[in-house]
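Each chain, written out:
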Amino acid sequence: MKNKYSIFSLIKNAFSQHENWKQAWGDPEPKREYEAIIIGGGGHGLATAYYLAKKHNMRNIAVLEKGWIGGGNTGRNTTIIRSNYLWDASAGLYDHALKIWENLSQELNYNIMFSQRGVMNLAHNLQDVRDLKRRTHANRLNGIDAVWLNTDQVKEFCPIINTSPDIRYPVLGGTLQRRAGTARHDAVAWGYARGANEMGVDIIQNCEVKGIKRNGDQVEGVETSKGFIKTKKIGVVAAGHSSVIADMAGLKLPLESKPLQALVSEPVKPIIDTVVMSNAVHAYVSQSDKGELVIGAGTDAYVSYTQRGSHDVVEGTLKAILELYPIFSRMKMLRQWGGIVDICPDASPIISKTNIKGLYFNCGWGTGGFKATPGSGDLFAHTIANDEPHKLNAAFNLNRFVSGDLVDEHGAAAVAH
Amino acid sequence: MFLINCPYCGERDQSEFSCGGEAHIVRPKQPTELSDDQWAEYLFMRKNIKGVQFERWNHAHGCRKWFNMVRDTSNDKIHAVYKMGEKPPVE
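As they're listed, the protein sequences go chains A and B. Per our numbering, the first sequence starts with residue 1, numbered consecutively. Per our numbering, the second sequence starts with residue 418, numbered consecutively.
Isolated chain B (complex conformation) (with noise of 0.2 Å):
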């Protein structure tokens, strides 16, 4: 449990939010040409870092925004938080 500072409505409980994991997985430009275990890469496989993470969040109770976050996964610490379509930061 953490606070999240929305880069719309600001810090609010993070149980306002809900979170849609990994970030920055680009859809396939060309389904129909994906092979099965591009498609399973696309849909199943996960990082799930042990660290820090780039992440998508919603504020889901709030101004239903999506956004993108980076988190330390080990501590719940929240690195950044940047809008949609932004680069993300390099640390």
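Just chain A, with the same shape it has in the complex (with noise of 0.2 Å):
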């Protein structure tokens, strides 16, 4: 590595006042032709252009961020990373990525600021219960860490949690992973595009993909605000823009696009060190290292790609967290923002080659997909590398939708991502 990072280049950068610190990746002109295309520089896509460039070996590579690098959902989720989800093949991609996080600081040598905190999902009902603990077994019998609290063992581990009978959606317990926990969002395309330049990868951030060449069922080229570039290949990454991408290929998706939203408050000091979720009242609750609460709300109901949301989704979210957390009544929020995010019927994502040769989709994350980060650019450029998926991500591609073969997280998983 040429530029690395240690706690010497720390030392030897504090005597010139870190003025000298070298730019982390490059600002090039796109060349005329590139090995493969990556369209969006999202985490997701530097990922997987830095998995092409290092595990496949494939350098004369680009990838195009209409705006900035990280600068849709990456950088606008609530950080959270887990991988207790029910079924086996969910399970074997989630955790494939869990495995990753963990050494991925020290791969990158780019500080994510992984925290496996924990993340906790409480139940509220009955049914919450049930699913809940099937959900545990089922990850156990998949190697993944789970385990069944009762209410008395969740107030242990979260003591600012409303445990009182007497509340509206009273907790009857909850699960915890506790490999679980967050990582530092920017930090991750960052480090991606640091590491993904050091080994060739041209990232060209504000270049807009405008069109799709294809010459028959092949596709030759992208059409972009910096002129026409030609690739055999193409890996679109454009999260809630997919179907728009899809769109210019000629191409539809089993995608709907809405708002998600989140929003964080003032600093305080550490009250909660965990992540704590909940799927009936949904909200889902964690402390940055900044000291902002960082809460999660829902996605609008309809069909937009405005990067607002709703109030009233925000005031529902609201209302729960003051439920579980009285604490939290007098906080004051400071940001809220929304991302837009591209659902499947499923809930489940599509990693995944194309009638169309050449051209590969990396999407339907839905609001769960920076968990997933290294897992999916690593399977993704296993995909694209060798025109076939991984087995590991066998089970999300597109063809599901005709053959019936769901994967069906919707509500299975445990939160609604």
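By construction, these hints were calculated from the structure, which means they are not laboratory data. Ideal Cβ placement from N, Cα and C applies to all residues, glycine included. It cannot be assumed that every hint is accurate.
To be verified - Computed Cβ-Cβ distance ranges for the label pairs, DEER-style:
id: 1; chain 1: B; residue 1: M501; chain 2: A; residue 2: D405; range: 31 to 39 Å
id: 2; chain 1: A; residue 1: P28; chain 2: B; residue 2: D454; range: 38 to 46 Å
id: 3; chain 1: A; residue 1: P28; chain 2: B; residue 2: T449; range: 52 to 60 Å
id: 4; chain 1: A; residue 1: N60; chain 2: B; residue 2: K482; range: 37 to 45 Å
id: 5; chain 1: B; residue 1: K494; chain 2: A; residue 2: H137; range: 44 to 52 Å
id: 6; chain 1: B; residue 1: K494; chain 2: A; residue 2: I7; range: 51 to 59 Å
id: 7; chain 1: A; residue 1: P159; chain 2: B; residue 2: T449; range: 40 to 48 Å
Mind docking these for me? Both chains are given alone in their own frames, and the hints should help you get the complex.
Written as structure tokens, this is what we have:
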């Protein structure tokens, strides 16, 4: 690694008032042709480029990003990482990602602030209890750590939760995945961008894809705001805008794009040292290292690309937060934002070839894509490089909507993602 | 969040309504004749347009009637509202 970050480089740069740090990645103009092009410079896209270069030796590739890297959903999520999914296919996919997360800071030589602070999922009614207990059993059979906590154990693990039996949706217990946690979302994008760039990947920002050129059923290149770029392989990782890109290639996807909101509070002293999610009342909360409460709300129930979201959705989430955590009643919220999430009918992602040669899609992550970033990139890179899926993402093909072999995680996942 | 002019009740808050997704997807006349590809197209594939889209809405917390709407999904501006069975407006 050319510019290795270490305690020594930190000390050395301290002497020059940190004014001589080298740029972590370049800002090149696009070449006329690439071996492969990744559309979308978010975490998943950059990770795909990184693993294409690292594991499949494809160095002549470019990541095209219409805005700035990590400026989409990578910078708009609540940074939760977990792998406690019900079905075998999902468990395999998300735990593959979690295993990469565990060593990612070392691998990238970039502190992504991965913190295995645990994720707790609360049960508020009898059906929740049954579902979550079933899920802990399924998780353990798949080698994923999961334990069931009764109400007292929930209270002990996170004392600020109101476990009184007379609240509207009382806490009847919960599950805990201790290996789960959070990471610094921006750093993930930056770390992958730096790693990929160091291996020769061009990261081209402010470059919007306007069209996909096809010759019969083979892709030939992309029309962009910086001119035409030739390529034989295109990996689309455009999240909420996947359908827009698919339309350029004459494809239709089983996706609906909806705004998903999150918000953060003013920073306070450490009060909650884990992540608590609650499906029934749709509220989840953690605390960032800066001290802000990071709160996730739900999606709007209609298609929209506005990156805003409705006020009543936030209101519903905050009602639930206040019922569960009365201690937060006087907290002020600092910022609220929306990201556009692409939701599949079965709430599972698509990491797949298409019936157009050289066109690959990695989309449909819906409301829970951040946790999968490294695994998604790794498996998508494998799919692009070999023109066939890895066994871990074989189930997540586009053809499942024709065959009916869905990975139905809707409601079966720990929370509505 | 926006206001919707229900064709039966007049202007109400969007939170009173629920969205039924893309409009004018016709249920196949001969379901038994359909191939798997055609079923997939009918059940799952959506235009998911960024721009002007035709969609179905239901006034769930009002008259509970279904109607159609033309809305720009890039800015949530509503262009037209029309009753079920009526011809979609031509822009």
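To see whether the hints hold, each was checked on the structure:
1. One distance hint, 31 to 39 Å for the beta-carbon pair M501 (chain B) and D405 (chain A), holds here, with the actual separation near 34 Å.
2. For the pair P28 (chain A) and D454 (chain B), the beta carbons lie near 42 Å from each other, so the given range of 38 to 46 Å is met.
3. Between P28 (chain A) and T449 (chain B) the CB atoms are about 57 Å apart, so this pair conforms to the stated range of 52 to 60 Å.
4. Against the hinted window of 37 to 45 Å, the Cβ-Cβ separation of N60 (chain A) and K482 (chain B) comes to about 58 Å, which falls outside the hint.
5. At about 49 Å, the CB distance of K494 (chain B) to H137 (chain A) agrees with the hint of 44 to 52 Å.
6. Taken as a hint, the range 51 to 59 Å holds for the pair K494 (chain B) and I7 (chain A), whose Cβ atoms sit roughly 55 Å apart.
7. The beta-carbon spacing between P159 (chain A) and T449 (chain B), approximately 60 Å, falls outside the hinted interval of 40 to 48 Å.
In this structure, the hints that do not hold are numbers 4 and 7, in rising order.
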